[in-house]
Amino acid sequence: MDIPSIDSGPIWLSLQLAGVTVGLLLVFATPVAWWLAHTRSRFRVVVEAVVALPLVLPPTVLGFYLLILLGPNGWVGGPVQALTGSVLSFSFTGLVFASMLYSLPFVVQPLHSAFESVGKIPMETAQSLGASRLDAFFTVISPLARRGYLTAIVLGFAHTLGEFGVVLMVGGNIPGKTKVISIEIYDRVEVMEYAQAHILSAGLLLFSFFVLVMVYTVNRRLPVQVT
Amino acid sequence: MTHLLEAKFKITYPEFSLDVDLNLPAKGVTVVFGPSGSGKSTLLRCLSGLERAPSGFLKLDDQVWQDEGIFIPIHQRKIGSVFQESRLFPHLNIQGNLLYGYQRTPLVERNLHLDEVVQVLGLGSLLKRYPEKLSGGERQRVAIGRALLTSPNLLLMDEPLASLDMQRKAEIIPFIKKIKDEFETPIIYVTHSMNEVLQLVETMVILNSGKVVNWGPVEEVFSDVQLRDAVGDGQLGAVLETTVSEHDDKFGLTRLDFMGQVLSVPKQNIPMGKKLRVHIHSKDVSLATAAPVGATSVLNILKAKVGKIGAIDPNGYSVDIELDAGRPILATITRKSLSNLNLQIGQPIFAHIKAIKMVHEMDT
Numbered sequence: 001m002d003i004p005s006i007d008s009g010p011i012w013l014s015l016q017l018a019g020v021t022v023g024l025l026l027v028f029a030t031p032v033a034w035w036l037a038h039t040r041s042r043f044r045v046v047v048e049a050v051v052a053l054p055l056v057l058p059p060t061v062l063g064f065y066l067l068i069l070l071g072p073n074g075w076v077g078g079p080v081q082a083l084t085g086s087v088l089s090f091s092f093t094g095l096v097f098a099s100m101l102y103s104l105p106f107v108v109q110p111l112h113s114a115f116e117s118v119g120k121i122p123m124e125t126a127q128s129l130g131a132s133r134l135d136a137f138f139t140v141i142s143p144l145a146r147r148g149y150l151t152a153i154v155l156g157f158a159h160t161l162g163e164f165g166v167v168l169m170v171g172g173n174i175p176g177k178t179k180v181i182s183i184e185i186y187d188r189v190e191v192m193e194y195a196q197a198h199i200l201s202a203g204l205l206l207f208s209f210f211v212l213v214m215v216y217t218v219n220r221r222l223p224v225q226v227t
Numbered sequence: 228m229t230h231l232l233e234a235k236f237k238i239t240y241p242e243f244s245l246d247v248d249l250n251l252p253a254k255g256v257t258v259v260f261g262p263s264g265s266g267k268s269t270l271l272r273c274l275s276g277l278e279r280a281p282s283g284f285l286k287l288d289d290q291v292w293q294d295e296g297i298f299i300p301i302h303q304r305k306i307g308s309v310f311q312e313s314r315l316f317p318h319l320n321i322q323g324n325l326l327y328g329y330q331r332t333p334l335v336e337r338n339l340h341l342d343e344v345v346q347v348l349g350l351g352s353l354l355k356r357y358p359e360k361l362s363g364g365e366r367q368r369v370a371i372g373r374a375l376l377t378s379p380n381l382l383l384m385d386e387p388l389a390s391l392d393m394q395r396k397a398e399i400i401p402f403i404k405k406i407k408d409e410f411e412t413p414i415i416y417v418t419h420s421m422n423e424v425l426q427l428v429e430t431m432v433i434l435n436s437g438k439v440v441n442w443g444p445v446e447e448v449f450s451d452v453q454l455r456d457a458v459g460d461g462q463l464g465a466v467l468e469t470t471v472s473e474h475d476d477k478f479g480l481t482r483l484d485f486m487g488q489v490l491s492v493p494k495q496n497i498p499m500g501k502k503l504r505v506h507i508h509s510k511d512v513s514l515a516t517a518a519p520v521g522a523t524s525v526l527n528i529l530k531a532k533v534g535k536i537g538a539i540d541p542n543g544y545s546v547d548i549e550l551d552a553g554r555p556i557l558a559t560i561t562r563k564s565l566s567n568l569n570l571q572i573g574q575p576i577f578a579h580i581k582a583i584k585m586v587h588e589m590d591t
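Chains as they are written, first to last, in the numbering used here: chain A, 1 to 227; chain B, 228 to 591.
Note that these hints are calculated values from the structure, not bench results.
Be a bit skeptical, because a hint or two may be false.
[To be verified] Interface residues of chain A toward chain B, partial, derived using beta-carbon atoms under 8 Å:
| # | residue |
| --- | --- |
| 1 | 128 |
| 2 | 130 |
| 3 | 131 |
| 4 | 143 |
Beta carbons are placed, not taken as given, at the ideal position from N, Cα and C, and that holds for glycine.
Just need the whole structure built from these sequences, with the hints factored in.
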């Protein structure tokens with residue numbers, strides 16, 4: 001039996017996309033999650049709802065608005081094109097932007113609950129020992145919230161790998177640029193190349209499964225915080 | 228060395244308000260005493276900068292930490308804090324915890340170092356261990372050491388022993404005394420335990436319902452007829468400073484000299500000439516207008532004069548009397564007795580002391 005040839009391009013692209021997306025999301029989601037965990041502002045519910053929107057919206061709705069937003073005449077795409085000369089829609093950068101929105105709740109929510117369970121006291125204690133807020137965050141809060149970070153990274157990564165609708169709408173299907181695994185699978189199925197589709201699908205399935213097993217194992221092993 | 232602490236805070240919450248204006252010499256241990264909900268912890272949070280009272284003033288010696296338009300953030304105040312729970316960082320070992328604040332203290336300001344703090348607090352064998360492996364008492368010692376290692380100008384302790392059992396408490400108090408003696412850091416210590424007060428205090432501040440009721444040296448402050456609300460029934464009474472004058476092996480007693488009179492207490496293993504602090508509950512003092520004619524089982528009878536007659540208690544049957552025996556002593560008697568004895572201010576009186584509850588050696 002012939003081993004079906006697999007184009008590794010979409011796999012690498014997917015991994016790259018997921019990596020960059022999660023990296024940027026951690027930077028962006030940390031302050032949002034921190035704010036949500038500690039604010040008493042009445043806008044909190046609004047922000048929580050906005051963050052959770054990608055969970056309930058059909059990816060096509062999100063993709064449609066992103067396409068308009070990122071397009072040459074969009075609020076984001078227009079100025080970016082004017083500044084850099086490159087179009088956001090149907091580009092890798094555009095995909096990263098879309099993925100960040102799409103995976104936002106998967107990163108914000110674990111961090112939010114981690115910060116909530118860490119509570120205010122470690123921050124106050126570190127400050128009373130002479131640490132600035134930022135210093136205290138990196139030396140005390142983030143190590144205490146490491147379970148939350150691990151969950152956020154893994155869920156964000158896996159979820160970005162698996163997205164389809166948004167990517168298709170915003171990125172199109174450009175080999176080497178925006179063609180990621182999930183779309184490659186769709187393409188293979190369309191042209192009846194089930195063998196290739198199987199390999200990619202099973203790969204994604206196993207990857208997701210092992211990643212989740214790993215998360216749950218590590219989460220169990222990390223000591224429960226005692227104060 | 229005495230530091231001068233000026234603190235003025237006004238802060239209002241829906242169900243509670245704090246309104247204090249303190250100007251006190253911070254030396255040794257100053258205890259903030261009062262019933263729960265009296266504002267002790269809020270006062271400490273205002274001092275440390277965890278709470279910002281909208282109108283406040285805070286100054287230690289010549290450093291202004293809060294004034295109109297000035298609010299030095301908590302991490303820039305040279306204040307160490309110890310809380311009821313140890314609040315150690317679970318991800319750092321004991322050495323890491325101890326050094327957390329030390330490493331964040333500028334080199335020139337470090338006047339306490341790891342070795343001496345570890346030695347004084349007996350932490351040597353714990354350094355490589357993690358907080359979760361330590362007993363409650365050990366954790367609290369580490370927390371105290373960690374705060375000291377920031378070389379603070381003021382150490383705030385908010386009921387540091389409240390979560391420990393009697394045995395652990397007894398284990399830690401000597402360490403706090405040692406800190407007082409060996410390092411010159413003034414300590415502000417919040418508690419509602421009379422036991423801790425007697426063992427540690429020089430100066431005390433009594434808070435009730437967010438207001439300072441009285442403050443000053445413990446012997447003077449405590450024998451105030453106004454204190455019933457703030458101190459609580461079971462603890463109301465006089466704190467007296469006495470000197471060990473004689474040991475009576477035959478009857479197992481130690482005699483104490485108090486303003487030229489004698490008090491006998493169960494035998495203490497303390498050399499003569501040493502100072503002892505005793506606490507006499509007001510309920511253990513009864514009054515007689517004449518010296519006993521027949522024999523009495525009461526050993527301790529002090530000659531005094533009637534000082535002040537205080538307010539009647541909420542139940543309406545007893546009243547607190549302040550006696551002058553060189554130092555004030557409090558007696559709680561019934562209103563009926565007050566009427567029977569027909570007490571007049573300045574009248575000589577015999578105070579029968581049925582029990583002396585607590586005896587503590589003072590470090591001098």
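Each hint, compared with the structure:
With 8 Å as the threshold, the beta carbon of residue 128 of chain A comes within range of chain B, its nearest partner Cβ sitting at about 4 Å, so the hint holds. About 4 Å separates the beta-carbon of residue 130 of chain A from the nearest beta-carbon of chain B, less than 8 Å, and the hint is met. Nearest Cβ of chain B to the Cβ of residue 131 of chain A: about 6 Å, under the 8 Å cut. The hint holds. Annotation: residue 143 of chain A was flagged as interfacial toward chain B, and the flag holds, the nearest CB pair being 4 Å apart, inside 8 Å.
The structure meets every hint from the earlier list without exception.
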